[in-house]
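> Generate the whole structure from the sequences, applying the supplied hints.
Line by line, the protein sequences give chains A and B. Its first residue numbered 48, the first sequence is counted upward by one per residue in our numbering. Its first residue numbered 268, the second sequence is counted upward by one per residue in our numbering.
The calculated PhoX-like cross-link candidates involving lysine-lysine, where the alpha carbons are at most 20 Å apart (straight line), are:
| no. | chain 1 | residue 1 | chain 2 | residue 2 |
| --- | --- | --- | --- | --- |
| 1 | A | K196 | A | K215 |
| 2 | A | K145 | A | K69 |
| 3 | B | K384 | A | K145 |
| 4 | B | K700 | B | K568 |
| 5 | A | K196 | A | K227 |
| 6 | A | K210 | A | K222 |
| 7 | A | K173 | B | K666 |
| 8 | B | K666 | A | K268 |
| 9 | A | K69 | A | K210 |
Label pairs and their calculated CB-CB ranges:
| no. | chain 1 | residue 1 | chain 2 | residue 2 | range |
| --- | --- | --- | --- | --- | --- |
| 10 | B | A331 | A | R255 | 28 to 38 Å |
| 11 | B | A331 | A | L163 | 14 to 24 Å |
| 12 | B | E536 | A | R255 | 31 to 41 Å |
| 13 | B | Q434 | A | E329 | 30 to 40 Å |
| 14 | B | L539 | A | L163 | 36 to 46 Å |
| 15 | A | K69 | B | H606 | 49 to 59 Å |
| 16 | B | G517 | A | A208 | 48 to 58 Å |
| 17 | B | L539 | A | K222 | 44 to 54 Å |
| 18 | B | M333 | A | G159 | 19 to 29 Å |
| 19 | B | V616 | A | P135 | 21 to 31 Å |
| 20 | B | Q434 | A | D89 | 41 to 51 Å |
| 21 | B | L464 | A | K222 | 43 to 53 Å |
| 22 | A | A148 | B | W345 | 44 to 54 Å |
| 23 | B | A677 | A | Q150 | 53 to 63 Å |
Derived by calculation from the structure, the hints in this document are not laboratory data. Beta carbons are placed, not taken as given, at the ideal position from N, Cα and C, and that holds for glycine.
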Amino acid sequence: MKTLKKYLIVLLAGSALAAQAKLNVVATTADFGALAQAVGGDLVTVTVLAKPTEDPHFVDAKPSYIVRLNRADVLIEGGAELEMGWLPPLLDGSRNAKLAAGQPGHIAIAEGLALLEVPAELDRSKGDLHAKGNPHYMTDPENARHASKRIADGFCAVDAAHKDAYTKNLQAWLKQLDEKLAAWQQQLAPYAGTRVAAFHNSWPYFARRFGLKMDLFLEPKPGIPPSPAQLGVVLETIKREHIKVIVIEPYQSKHMAATVAAQTGATVLAFAQYPGGVKGTEGDYLALQDKLVSSLAAALAAQRGTP
Amino acid sequence: MHRRFLWATVLSAATALAHADPVPADNTSSNLLKEINDLKQRTAQLEKQVRGQPPAAPAPSGRAYMHAGFDVLVNGGWSTTPDVAALQPGDHDPSQRGFSIRNAELALDGTVDPFFKAFANLVFKMSPEEETELELEEAYAQSTALPGGLQLRAGRFFTEFGRQNNQHPHSWAFVDQPLAMNRMFGSDGLRQNGLRLSWLAPTPWYTELLCGVFNGQGGDAFSFRHLGDTDTNGVTRLYGHATTARDLRGVGDLLYVPRLISSCELTEEQTLVLGASAAFGPNDTGVDARTQIYGVDGYWKWKPANAGSGWPFVSFQTELFYRDFCAAADPEASLPEEHLRDWGLYSQVLWGFTRGWVAGLRGEYVTGNTGASAEGNGQRGEAGRISPNATYYFSEFAKLRLQYNYTHYAASDDEQAVWAQLEFMIGAHGAHKF
Numbered sequence: 048m049k050t051l052k053k054y055l056i057v058l059l060a061g062s063a064l065a066a067q068a069k070l071n072v073v074a075t076t077a078d079f080g081a082l083a084q085a086v087g088g089d090l091v092t093v094t095v096l097a098k099p100t101e102d103p104h105f106v107d108a109k110p111s112y113i114v115r116l117n118r119a120d121v122l123i124e125g126g127a128e129l130e131m132g133w134l135p136p137l138l139d140g141s142r143n144a145k146l147a148a149g150q151p152g153h154i155a156i157a158e159g160l161a162l163l164e165v166p167a168e169l170d171r172s173k174g175d176l177h178a179k180g181n182p183h184y185m186t187d188p189e190n191a192r193h194a195s196k197r198i199a200d201g202f203c204a205v206d207a208a209h210k211d212a213y214t215k216n217l218q219a220w221l222k223q224l225d226e227k228l229a230a231w232q233q234q235l236a237p238y239a240g241t242r243v244a245a246f247h248n249s250w251p252y253f254a255r256r257f258g259l260k261m262d263l264f265l266e267p268k269p270g271i272p273p274s275p276a277q278l279g280v281v282l283e284t285i286k287r288e289h290i291k292v293i294v295i296e297p298y299q300s301k302h303m304a305a306t307v308a309a310q311t312g313a314t315v316l317a318f319a320q321y322p323g324g325v326k327g328t329e330g331d332y333l334a335l336q337d338k339l340v341s342s343l344a345a346a347l348a349a350q351r352g353t354p
Numbered sequence: 268m269h270r271r272f273l274w275a276t277v278l279s280a281a282t283a284l285a286h287a288d289p290v291p292a293d294n295t296s297s298n299l300l301k302e303i304n305d306l307k308q309r310t311a312q313l314e315k316q317v318r319g320q321p322p323a324a325p326a327p328s329g330r331a332y333m334h335a336g337f338d339v340l341v342n343g344g345w346s347t348t349p350d351v352a353a354l355q356p357g358d359h360d361p362s363q364r365g366f367s368i369r370n371a372e373l374a375l376d377g378t379v380d381p382f383f384k385a386f387a388n389l390v391f392k393m394s395p396e397e398e399t400e401l402e403l404e405e406a407y408a409q410s411t412a413l414p415g416g417l418q419l420r421a422g423r424f425f426t427e428f429g430r431q432n433n434q435h436p437h438s439w440a441f442v443d444q445p446l447a448m449n450r451m452f453g454s455d456g457l458r459q460n461g462l463r464l465s466w467l468a469p470t471p472w473y474t475e476l477l478c479g480v481f482n483g484q485g486g487d488a489f490s491f492r493h494l495g496d497t498d499t500n501g502v503t504r505l506y507g508h509a510t511t512a513r514d515l516r517g518v519g520d521l522l523y524v525p526r527l528i529s530s531c532e533l534t535e536e537q538t539l540v541l542g543a544s545a546a547f548g549p550n551d552t553g554v555d556a557r558t559q560i561y562g563v564d565g566y567w568k569w570k571p572a573n574a575g576s577g578w579p580f581v582s583f584q585t586e587l588f589y590r591d592f593c594a595a596a597d598p599e600a601s602l603p604e605e606h607l608r609d610w611g612l613y614s615q616v617l618w619g620f621t622r623g624w625v626a627g628l629r630g631e632y633v634t635g636n637t638g639a640s641a642e643g644n645g646q647r648g649e650a651g652r653i654s655p656n657a658t659y660y661f662s663e664f665a666k667l668r669l670q671y672n673y674t675h676y677a678a679s680d681d682e683q684a685v686w687a688q689l690e691f692m693i694g695a696h697g698a699h700k701f
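Have a look at this one:
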């Protein structure tokens, strides 16, 4: 009993010290995690719940996540219902008043963003629609700008003592983003108006930013598995419009995309919304976008000229 | 109407311009140029401001004071015995050959205020006689703002004894409830009015300690202050022993349900949850008669790092129960004071082999020691069941399940059954706990 007590005291004291030393940040997905690290630098410890390779709609609400949220000073989540299937029970279990909705420690990134595809009416016959609009908004680097600002505001509110450092980190990151964004837009400019196929409707924000059309999906409706009928439509459309590229994410059926590609000559391109979802981009939002833009540009360039 | 007004405005403006005094001839053009330049600058400034502003916040949607969902389980199938109620003792199990609806559930939840959340479940159950029974299955508030890792729940709810007891039928992996749970908790689980306090321990791995305090009364506290069935002489009996209803004499007469849960991640892709539970309280066979139930449970799940829509996965779940029901002496029925000891377990493995599809296999066993009452022994005999099943999920909101049951009884013939179950839900879909 005595040793247990001692152990508990050490644990409690340890966690108290750690909390003083660094801001304990939990992000639901790896994109927010990467931005939090960029803005927080060595003043924060960042933990990401969803793996960058797993389907963010269906993450298991593991008990260990409750522990992480219980110890967190800040939670960063999308705020657009992407995590609605798993975050609420975790928050209930965490019993951490700092993370309650409306507290400065609860950063919901989508607040203040105008989301695309807000359904006029909620009707599940149209598939798994999100009431607040398409939640995959971080695929647009402009929205990452918004996100990093919200994260910096949150950090400053929770940890005012380090306001200057957070602001400085934010400015440095935004500068990098500006330079990169200009380069990305230039890289994809030759392909303005090009149509690209995808497995799921994850890319409308990316498409809008770079002047692409990414509105042909292997899924007949969001969240509904590809059907033979839909694959027929996709095959026919790809052939008719000479669509060159099908992008798929780590958790989507490669097999299905490969089948379509084999019959049409299109290229299957590994895309990911989350840093780490494509190898070599772990923890770095800019590296991920770099990879996406350059690989897409390369795939479209390579396919140029072929009918 | 609008258009006419617009035209009137344009006309009057034009007239006003036409009648305006001519501008003095000298330095007119330079003044105008200056004004135009001023205006240009102001417009540019305004444009800049507007661009810098965040776009208008989207209209709030999907948020409400209360979320409501309606979930229906439709059973259909056949069994070798027409006495389906005996074969399937669970309250939400198929109740007859052919079709049955034993769980149409209205689930409500919302945030009460800055201090509480609340949940309620109203369940409609149809009897074979087509009568609908409405039950306030759960209605409770749960604290959101207690310090020190504490959380309080108060109202009516399934006690957190083991894994499956507090899961609702639509979350079960099989059509029916495990036999061992029916033996310990009766047909509808251990569900009571009361409160429970939980503490999330400050350990590096997940450890939660819960303690519930309940009335321990009625059919939903089957092994506790529960009268049992009425015999031909109008005497209520449980396992042969006469029972008497009585009020609480003190806090010792309440039902206490402690539970400890711990969890760790074995690897990035494997999670283990272990739990131990107990329930202590008086029963109605005598003034000092008490019941103790103990349980241990385990859950293991593998899901790869690139799982899509939750597939593929493999999970294993098992629960072991032990009960010591101390029945007081019943001199009129010439039954001595005796300890009726029962134990049982179920183990199930699920394999989500491809998106939408899950194959499951469950094995169960339950038995009890031989008591003094022949009737009591009849209700506590040895039984076992093996159940393979397959489930297809159309979406998160609908699934179809097909299950085969082979049930073995030590005291009577073995029975077989095939059940199909369709689930569909509309409205809000609550998130699933792990």
